[in-house]
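Based on the sequences and whatever the hints tell you, model everything.
Using the numbering used here, the first residue of the sequence shown is number 1, and each one after it goes up by one.
No lab work stands behind these hints: they were computed from the structure. We treat Cβ as the ideally placed atom computed from N, Cα and C, and that holds for glycine. Hints may contain errors.
Simulated pairs of lysine-lysine, DSS-like, Cα-Cα distance not exceeding 30 angstroms [what the hints assert, rightly or not]:
1. K721 x K550
2. K245 x K122
3. K612 x K509
4. K589 x K550
5. K252 x K101
6. K747 x K101
7. K122 x K363
8. K68 x K363
9. K934 x K244
10. K68 x K550
11. K589 x K495
12. K612 x K572
Quick list of the computed label-pair ranges, beta carbon to beta carbon [stated by the list, open to error]:
13. F932 x R499: 43 to 51 angstroms
14. R499 x E135: 29 to 37 angstroms
15. N940 x P104: 15 to 23 angstroms
16. P104 x F443: 27 to 35 angstroms
17. L941 x Y332: 19 to 27 angstroms
18. S381 x Y528: 36 to 44 angstroms
19. Y332 x K589: 35 to 43 angstroms
20. G398 x Y644: 51 to 59 angstroms
21. F357 x P490: 49 to 57 angstroms
22. G563 x L941: 21 to 29 angstroms
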Amino acid sequence: MKGNIKILLKVLLLSVIWTGNTFAVLAQQAGNVIITGTVLDENNEPLIGASVLAVGTTIGTITDFDGKFTLEVPKGSNIQFSYIGYNTQVMDSNQNTINIKLVPDTQMLSDVVVIGYGTQRKSDLTGSVTNVSSEDFNTGLVSSPEQLINGKISGVQIMSNSGSPTAGSTIRVRGGASLNASNDPLIVLDGVPLEQGGISGNDGNFLSLINPNDIESMTILKDASSTAIYGSRASNGVIIITTKKGASDKLKVTFSTTNSIQTRTRMADMLSYDEFVNVVKTQGSAAQQALLGTERTDWNDYIYHNAFGTDNNLSLSGKVLPNLPIRVSVGYYNQDGLLKTDNANRVTGSLSLSPSFFDDHLKFNINAKASMNKNQFANTSAIWGASTMNPTIPVYSGNDAFGGYTEGLASDGKPVTGGVLNPLGLLEQRDAHSKVIRFIGNFDVDYRMHFLPELKLHATLGYDYAQGEGSDYVNPEAAQYYTTGGYYYPYGPQKNENRLLTIYANYNKMVESLNSSFDATIGYDYQYWKSVNPASASMNAAGEIQTSYKATDERHVLLSYYGRLNYSFGSKYMLTATVRRDATSRFAKEQRWGTFPSVALGWRISEEEFMKNQNVLSTLKLRASYGVTGQQDGIGNYNYLPIYTQSQDGAQAIMGNEYIYTYRPEAYVSDLKWETTTSWNYGFDFGFLEDRITGSFDYYTRQTKDLIATVPAAAGSTFDKTITTNVGNVDSQGIEFSLNATPIKTKDLSWDISFNMTWQKMKVKNLSIVEGGEVTNTPVGPSIDGYQFQTLTEGYEPYMFYVYKQLYDEKTGKPIEGAYADLNKDGVINSDDLYRYHSPAPDYIMGLSTSLNWKNWSLGMSFRANIGNYVYNGMAMNTGAMETMSYNAAQLNNLSASYLETGFQTRQHLSDYYVENASFLKMDNLTLGYNFGKIFNTCNLNVSAMIQNVFCITKYSGVDPEVPNGMDNTFYPRPRTFSLNIGLNF
Numbered sequence: 001m002k003g004n005i006k007i008l009l010k011v012l013l014l015s016v017i018w019t020g021n022t023f024a025v026l027a028q029q030a031g032n033v034i035i036t037g038t039v040l041d042e043n044n045e046p047l048i049g050a051s052v053l054a055v056g057t058t059i060g061t062i063t064d065f066d067g068k069f070t071l072e073v074p075k076g077s078n079i080q081f082s083y084i085g086y087n088t089q090v091m092d093s094n095q096n097t098i099n100i101k102l103v104p105d106t107q108m109l110s111d112v113v114v115i116g117y118g119t120q121r122k123s124d125l126t127g128s129v130t131n132v133s134s135e136d137f138n139t140g141l142v143s144s145p146e147q148l149i150n151g152k153i154s155g156v157q158i159m160s161n162s163g164s165p166t167a168g169s170t171i172r173v174r175g176g177a178s179l180n181a182s183n184d185p186l187i188v189l190d191g192v193p194l195e196q197g198g199i200s201g202n203d204g205n206f207l208s209l210i211n212p213n214d215i216e217s218m219t220i221l222k223d224a225s226s227t228a229i230y231g232s233r234a235s236n237g238v239i240i241i242t243t244k245k246g247a248s249d250k251l252k253v254t255f256s257t258t259n260s261i262q263t264r265t266r267m268a269d270m271l272s273y274d275e276f277v278n279v280v281k282t283q284g285s286a287a288q289q290a291l292l293g294t295e296r297t298d299w300n301d302y303i304y305h306n307a308f309g310t311d312n313n314l315s316l317s318g319k320v321l322p323n324l325p326i327r328v329s330v331g332y333y334n335q336d337g338l339l340k341t342d343n344a345n346r347v348t349g350s351l352s353l354s355p356s357f358f359d360d361h362l363k364f365n366i367n368a369k370a371s372m373n374k375n376q377f378a379n380t381s382a383i384w385g386a387s388t389m390n391p392t393i394p395v396y397s398g399n400d401a402f403g404g405y406t407e408g409l410a411s412d413g414k415p416v417t418g419g420v421l422n423p424l425g426l427l428e429q430r431d432a433h434s435k436v437i438r439f440i441g442n443f444d445v446d447y448r449m450h451f452l453p454e455l456k457l458h459a460t461l462g463y464d465y466a467q468g469e470g471s472d473y474v475n476p477e478a479a480q481y482y483t484t485g486g487y488y489y490p491y492g493p494q495k496n497e498n499r500l501l502t503i504y505a506n507y508n509k510m511v512e513s514l515n516s517s518f519d520a521t522i523g524y525d526y527q528y529w530k531s532v533n534p535a536s537a538s539m540n541a542a543g544e545i546q547t548s549y550k551a552t553d554e555r556h557v558l559l560s561y562y563g564r565l566n567y568s569f570g571s572k573y574m575l576t577a578t579v580r581r582d583a584t585s586r587f588a589k590e591q592r593w594g595t596f597p598s599v600a601l602g603w604r605i606s607e608e609e610f611m612k613n614q615n616v617l618s619t620l621k622l623r624a625s626y627g628v629t630g631q632q633d634g635i636g637n638y639n640y641l642p643i644y645t646q647s648q649d650g651a652q653a654i655m656g657n658e659y660i661y662t663y664r665p666e667a668y669v670s671d672l673k674w675e676t677t678t679s680w681n682y683g684f685d686f687g688f689l690e691d692r693i694t695g696s697f698d699y700y701t702r703q704t705k706d707l708i709a710t711v712p713a714a715a716g717s718t719f720d721k722t723i724t725t726n727v728g729n730v731d732s733q734g735i736e737f738s739l740n741a742t743p744i745k746t747k748d749l750s751w752d753i754s755f756n757m758t759w760q761k762m763k764v765k766n767l768s769i770v771e772g773g774e775v776t777n778t779p780v781g782p783s784i785d786g787y788q789f790q791t792l793t794e795g796y797e798p799y800m801f802y803v804y805k806q807l808y809d810e811k812t813g814k815p816i817e818g819a820y821a822d823l824n825k826d827g828v829i830n831s832d833d834l835y836r837y838h839s840p841a842p843d844y845i846m847g848l849s850t851s852l853n854w855k856n857w858s859l860g861m862s863f864r865a866n867i868g869n870y871v872y873n874g875m876a877m878n879t880g881a882m883e884t885m886s887y888n889a890a891q892l893n894n895l896s897a898s899y900l901e902t903g904f905q906t907r908q909h910l911s912d913y914y915v916e917n918a919s920f921l922k923m924d925n926l927t928l929g930y931n932f933g934k935i936f937n938t939c940n941l942n943v944s945a946m947i948q949n950v951f952c953i954t955k956y957s958g959v960d961p962e963v964p965n966g967m968d969n970t971f972y973p974r975p976r977t978f979s980l981n982i983g984l985n986f
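Here you go:
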């Protein structure tokens, strides 16, 4: 049998050789030659599907699974080898065998950025677009995707809402364009626009459900030219998140682990133990002095601890079949908070498949991402308690009452009304937790027509599902709910759905005879959102209902048609024109449709002939754009409909001896319509010394009209005091500048620097429902004791502090209690003397990143600065007067250290003394890394040590100069984080 097989193989081999020789003879007789060979990549792996073409002819082929090819070409032909992402090479055909290694075109790969519904080369962009790839992301323990780009981009401000691991972030692109409607940018994940807002158990931190380690790049669209393709949701900018896909080479395994310790930074500036005792003994009453204890208790030491965190990620990426790139990843993140009982726990998984067929004419992208978050929420009231609790009393009382915690008691032995509660008891006697799951998936089909390869058809099906539930329980013996017998509130499961269908066609053609390129896209979107929340109720430990909450079922739909044309002439002159037409179910039928156009021009001066003979300026491109975008987020789904709401407990009508629930009409505006923003942008991009120095400059203006704002309702017009309607205008303008430089670049040493700066201003132009009506000051923002400290006023920046001008003693320089300037000179100090004093918004925002690489060592640093932002120090005001030392006869409370400077006896709520300049310089990250290279001939090892929130230089006296809404009142301090990262690549 074996002998027969050998004979058969010899016959087949001789047949192949004879056939090959015959073809070769025939080819030579025809004046052709047969070329064979292999095409490899930079890792000496075969390139499957690489193009092999005889230059100047239509004769060509592609490489097989082993990277091999055979091609018959005319004698003397030059052979061109090309593959997407690699430099094209040309070889002569003087040899019958050509084995070639293609080199990656790193410039081309880095020059392509993701834009709305497609990609584009950076050099061809006409709008204000910034891309940050994973190589430039912020390092360290990162809990949420937006933190990856904090401080990296001009015009983009990202601020974590607190130091808790369960907290979200506030993201503003060019400051936002609205007042009451949403100012959050649109987030698009792998082509799926995400719904804004949160979900039960994870409010305000929706992006944290996405694993930052799965993200490949983030592109920020800032001007109307780039955002208008998203129409009605793009007034506040667009952030496009692209996740990692399967690589086009052999399978690779990557594992990384980051482990960290978080420590406290600055605490509220309160009286020290000795200062407190001295104030009580010298200035307190006999009753207050009698409340002094003998302990020396630092309450902060009991509620805070050093918090451990870990972030672990494992991924497999590569090709399992010649045409099937795949990436699979799993992640585990666990972070304790500085406050005891505060914790965020996340498990994630992702799958990406990118099969292609018919020589890449038909491509699929299948992405699935799932996460499960388990949160444990600390009672943040403990922060106030630890700051103000009497430092001379013990933590534990020594008896069983109230769980053994020391509490202020009234004469009847019950917790004193309005007293400061034991901060450790607040933490340990509460169990608040949640579980949130999320799935985001999309299925993309991309077909490039065989008979017309310039035409591509694309379809996306997207689905985003989230479910959140949890409970909040306080022990019945806890002082917080002692009078009601405890507290129990189970909620959820809330279920959010987001469904997307996108269909578009793209035609991309280079017309050599016209020296022009055309890129046209037309498409259709259908997106549907649904949020369902069951009825719930809070109750005491005995199961008696305290407060009930009705079930909700919220839905809305957005329909869209859009088109875009990108035209380039001679790679010098560029035009982008976009139009999108949206319809939303949030408005009445007559107001439902909105049209959002834009146009942009670009001129690459550096490509002109008169620039060819110089070698200093390598890039210079001028840009100008105009566009209109819309806004309909941040409002209710049914504000244009007459809706009746059932009354709550305590608001029923009495019918005889029975309490009857009634229904009252909600305020509504039947002709509620789009809020629209018209924008102009002028800018230029530049590069020097072969782009060793690059940068951009932009100046923009925006006018927002038909503001969707909540304003006082006319008397008798509705059952509500306020109404959400279209009212007023807001104008804004800004300057953005970015600079990137590589001062040193040698074989062993390189140094990169990146700097960005933003100046921006907003002004309220009109807030009157009736045009030309009386100018009013509308109180807004956080409040303390019913006082609001900010205002919206026509002709001024929004959210300016609205306070009295404090007067000072000329000799001592101390503020005089209750003495304010009579600004209107009428001899009376009243609300007419309040004035607008600064704004929480900074005048300038700056970011600086630098990295130094020497051989296998790397050192990175990043800084941020705000100049001209102001903060109301609510903590200092609220605890900075003698009256706050004893709210009741049973307790002593600690005071703010500001009391030693002011001596105030009563709180001065609206004094501008507490509005402080909060300009700052922060060092966000410091990283030192070493690449060990290949170890044990199996894997590459990278190790890096990092510090986050390294320091903050500021004159602000409070906890942190960077706080939401400009109000610092019991702010959860942001931690300083020390991390060690280990990365393995197999």
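Hint-by-hint comparison with the structure:
no.: 1; hint: K721 x K550; result: holds (22 angstroms)
no.: 2; hint: K245 x K122; result: holds (21 angstroms)
no.: 3; hint: K612 x K509; result: holds (27 angstroms)
no.: 4; hint: K589 x K550; result: holds (28 angstroms)
no.: 5; hint: K252 x K101; result: holds (21 angstroms)
no.: 6; hint: K747 x K101; result: holds (23 angstroms)
no.: 7; hint: K122 x K363; result: holds (24 angstroms)
no.: 8; hint: K68 x K363; result: holds (23 angstroms)
no.: 9; hint: K934 x K244; result: holds (24 angstroms)
no.: 10; hint: K68 x K550; result: violated (68 angstroms)
no.: 11; hint: K589 x K495; result: holds (28 angstroms)
no.: 12; hint: K612 x K572; result: holds (13 angstroms)
no.: 13; hint: F932 x R499: 43 to 51 angstroms; result: holds (47 angstroms)
no.: 14; hint: R499 x E135: 29 to 37 angstroms; result: holds (34 angstroms)
no.: 15; hint: N940 x P104: 15 to 23 angstroms; result: holds (18 angstroms)
no.: 16; hint: P104 x F443: 27 to 35 angstroms; result: holds (29 angstroms)
no.: 17; hint: L941 x Y332: 19 to 27 angstroms; result: holds (21 angstroms)
no.: 18; hint: S381 x Y528: 36 to 44 angstroms; result: holds (40 angstroms)
no.: 19; hint: Y332 x K589: 35 to 43 angstroms; result: violated (49 angstroms)
no.: 20; hint: G398 x Y644: 51 to 59 angstroms; result: holds (56 angstroms)
no.: 21; hint: F357 x P490: 49 to 57 angstroms; result: holds (50 angstroms)
no.: 22; hint: G563 x L941: 21 to 29 angstroms; result: violated (50 angstroms)
Figure legend: structure checked against the earlier numbered hints; hints not met, in rising order: 10, 19, 22.
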